[in-house]
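Just so you know, the sequences run in chain order G and P.
Numbering-wise, our numbering puts 130 at position 130 of the first sequence, and it's gapless, one number per residue.
Numbering-wise, our numbering puts 727 at position 341 of the second sequence, and it's gapless, one number per residue.
Worth double-checking, as some hints may not be accurate.
Below, a list of computed lysine to aspartate or glutamate pairs in the EDC-like style, where the Cα atoms sit at most 16 Å apart [stated by the list, open to error]:
#: 1; chain 1: G; residue 1: Lys21; chain 2: P; residue 2: Asp730
#: 2; chain 1: G; residue 1: Lys15; chain 2: G; residue 2: Glu73
#: 3; chain 1: G; residue 1: Lys109; chain 2: G; residue 2: Glu237
#: 4; chain 1: P; residue 1: Lys415; chain 2: P; residue 2: Asp554
#: 5; chain 1: G; residue 1: Lys310; chain 2: G; residue 2: Asp8
#: 6; chain 1: G; residue 1: Lys199; chain 2: G; residue 2: Asp231
#: 7; chain 1: G; residue 1: Lys360; chain 2: G; residue 2: Glu218
#: 8; chain 1: P; residue 1: Lys722; chain 2: G; residue 2: Glu127
#: 9; chain 1: G; residue 1: Lys68; chain 2: G; residue 2: Glu50
#: 10; chain 1: G; residue 1: Lys21; chain 2: P; residue 2: Glu731
#: 11; chain 1: P; residue 1: Lys518; chain 2: P; residue 2: Asp539
#: 12; chain 1: P; residue 1: Lys620; chain 2: G; residue 2: Glu218
No lab work stands behind these hints, which were simulated from the structure alone.
Predicted, not measured: the structure shown is a model, and the values here were computed from it.
Listed here are the chains, written in short residue letters.
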Amino acid sequence: MTAALRFDPIRLPEKCEQLRKEVRAFLAEEMARGTFNPFKPNREDTDVPEFSRRVGERGWIGMTWPKKYGGQERSFLERYVVTEEMRVANAPTRRFFVADRQSGPVLLKYAPEHIKMDILPRICRGEVCFAIGMSEPNSGSDLFAAKTRATKTDGGYLINGTKIWTSSAHIADYMIAIFRTSPPTKENRRHGLTQFLVKMKQPGIQVNPIGQITGQYEFNEVVFTDFFVPDDHVLGEVDGAWKQATSELAYERSGPERFLETYYVLTELVRAVGPNPDTRSAEGIGRLVAQLHTMRRMSVSVAGMLQAGKEPVVEASIVKDIGTVWEQQLPHRVRDLAAFVEETATNRETLERQLDFAIKTAPKLTIQGGTTEVLRGIIARGLGLR
Amino acid sequence: MAESDNIVVETAEKIFADLADPQTINNDKNGAWRAPLWQALSEAGLPLSWVPDDLGGSGAGLADGFALLNAAGRFAVAVPLAETMLAGWLLAQVKIASPEGEMTVVPASPKDRITLDAGALSGRARGVPFAKAAKHFAVLAHGKDGASIALIDAAKAQIESGLNVGYDHSDTVTLDKVQPITIKPAPRGFDQTTMMLMGGAARSLQIAGALESMLDISVRYSNERVAFEKKISKFQAVQHNLARLAGESAAALAAATSAADAIANARSFDDEVYLEAASAKIRCAEAAEKGGGIAHQVHGAIGFTLEHVLHRYSLRALAWRDDFGSESFWAVELGKLVARRGADELWPLVASR
Chain G
1 MTAALRFDPI RLPEKCEQLR KEVRAFLAEE MARGTFNPFK PNREDTDVPE
51 FSRRVGERGW IGMTWPKKYG GQERSFLERY VVTEEMRVAN APTRRFFVAD
101 RQSGPVLLKY APEHIKMDIL PRICRGEVCF AIGMSEPNSG SDLFAAKTRA
151 TKTDGGYLIN GTKIWTSSAH IADYMIAIFR TSPPTKENRR HGLTQFLVKM
201 KQPGIQVNPI GQITGQYEFN EVVFTDFFVP DDHVLGEVDG AWKQATSELA
251 YERSGPERFL ETYYVLTELV RAVGPNPDTR SAEGIGRLVA QLHTMRRMSV
301 SVAGMLQAGK EPVVEASIVK DIGTVWEQQL PHRVRDLAAF VEETATNRET
351 LERQLDFAIK TAPKLTIQGG TTEVLRGIIA RGLGLR
Chain P
387 MAESDNIVVE TAEKIFADLA DPQTINNDKN GAWRAPLWQA LSEAGLPLSW
437 VPDDLGGSGA GLADGFALLN AAGRFAVAVP LAETMLAGWL LAQVKIASPE
487 GEMTVVPASP KDRITLDAGA LSGRARGVPF AKAAKHFAVL AHGKDGASIA
537 LIDAAKAQIE SGLNVGYDHS DTVTLDKVQP ITIKPAPRGF DQTTMMLMGG
587 AARSLQIAGA LESMLDISVR YSNERVAFEK KISKFQAVQH NLARLAGESA
637 AALAAATSAA DAIANARSFD DEVYLEAASA KIRCAEAAEK GGGIAHQVHG
687 AIGFTLEHVL HRYSLRALAW RDDFGSESFW AVELGKLVAR RGADELWPLV
737 ASR
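Just chain G, with the same shape it has in the complex (with noise of 0.2 Å):
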């Protein structure tokens, strides 16, 4: 018997309950001064510099890397509880997550010693974003079909092609992105793809803003025409870097913001009830909740796995599908549940409103980072069906 997949209940050492208070009270007071509102997840500004900046005056951002980079030797488990409470809270993360979670420790691994040194500490400052990217028009979960050419010239390449679905890029000052450098072969089809740093707001790159079904705009086309990425930005090995790519999903996979995305209806619910539910939302509230803390101790349980080294992409993947499959079908659970609140409880109106926002996310949520049906095949793989 060896199909099953452990999760053994890593317990959250001392010192990570003790950061814990130490940001809950550092949100409280953010939330004091004005700096965004917990109840009001479609805010229309999720970048909020200075709040990014104070962030990395706390030493919460890149909290994993060396501290000759700018960060502070701290463990995964430390950076997991930060994550979720700033997710809980809905806090502006924008500028600062993807760097944190995915760009910079792919910097760390793959970039030359001068980059690190100048784009580490400034990450860890909480002043660079970062966007990724990796879907194409018509690519998308299929990385193979990437297509935006780097071409060799002298001292660097030549980018020409479009990238797509790209979070962030209208406001990143970086962009950590795949490029074909060859065509795949026979023998290997994941074969000819590289990974480069690209510097934002360049001549030769424009970012056309997408809409969102929510309202929002944090999608964007980018086209590359001629951009120049010079040798030194070339992140691990030429024609690569479809390895470097999927064990860095493992981060993207498991943490607690892919089954958090939603979470504030619940909360909401849970006002709107009040302390005397009738057995219809007892019910309801007590299975949304043992499902969400079944989760949430998996998921800390891959944190823990890669603070032990290892690459937990199997079971990352789990996580994920069953994480984005439960907070897209929160929203809606939420509203069933919801429908015999009285008229007159206190946030209904919160409630509604922030119904109707996440009813509106759910979508998207089994897309991003790997499709449901991708995670799936690689579960499958990891079973020994493929």
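We have chain G already, so just place chain P on it with the hints.
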């Protein structure tokens, strides 16, 4: 076989592999396997894992006992191992020594109540697992001075036989002024909820174990069975179903082992332990329904037959949902707890460890 790093689980797995192979049991229609299995388990001291040495047990500790139950679930073991362990644990709360032989706990449903009046026990308890096979019952009763824990002779009770969905004994026990062998007041704060949470956690580990095995045999079957000239494991629709089964199995195991870890390390059954144990029972029951459904789908008609072992796991996992509070019972109770604590206390509760 999942790796076992403790001697209790290693011993148990060896016994299960030798004497409780599901295929062998399935072929043995007259139950001749039961006695040697129970004898081997007893000789190894496993049914009294949770009873300290000085009370007649092997004092294995809560964590090892939960791991043992998970292993028992992987073999869908149908002898009163969990029940005897729970009874021993209950008696040990008040330092009543455990007798030899099969035991079970009364009541096994949060809604049933046994009352204590003038030193005698009365009341009715439905769905008591293996009551028919037990020589003694560990009883939690309520009198005017609060909760008490008693050991009684099973022969003093009226037992109405019944079978659960998994074809295991699940009986109705009626006590009519039964004089206990021993009775003592329960410790402060120990009540029926405590017992149900503990029983629910035990069942959660068994359900998770059964799901692990269902995943294993389903993956294996999909790699053997050929349809439309291909192994069915090569069909994407089958792969996605098995990926979902893996997710349900993983969720059940994570929820159950987390609850076990919480109970084993807690000083009392506080709100955090409540969340862990109730969540495990809810989530494991949901996984039994969803995961078991997929396992049967993958197996097609063969898995619906008595000849195939799948039902040993799937039906038992479904049956275990009902013991010590169903998922709907615990969901209502957990929902009430969350509501009582208030909206702003939900996240601190979930993020408590």
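Hints, verified against the model:
1. G:Lys21 <-> P:Asp730: holds, 15 Å
2. G:Lys15 <-> G:Glu73: holds, 14 Å
3. G:Lys109 <-> G:Glu237: holds, 11 Å
4. P:Lys415 <-> P:Asp554: Since the Cα atoms of P:Lys415 and P:Asp554 sit roughly 14 Å apart, the hinted pair holds (cutoff 16 Å).
5. G:Lys310 <-> G:Asp8: holds, 13 Å
6. G:Lys199 <-> G:Asp231: It holds: about 13 Å lies between the C-alpha atoms, which stays within 16 Å.
7. G:Lys360 <-> G:Glu218: holds, 14 Å
8. P:Lys722 <-> G:Glu127: violated, 44 Å
9. G:Lys68 <-> G:Glu50: violated, 24 Å
10. G:Lys21 <-> P:Glu731: holds, 14 Å
11. P:Lys518 <-> P:Asp539: holds, 12 Å
12. P:Lys620 <-> G:Glu218: The given pair, whose Cα atoms are some 38 Å apart, is violated under the 16 Å limit.
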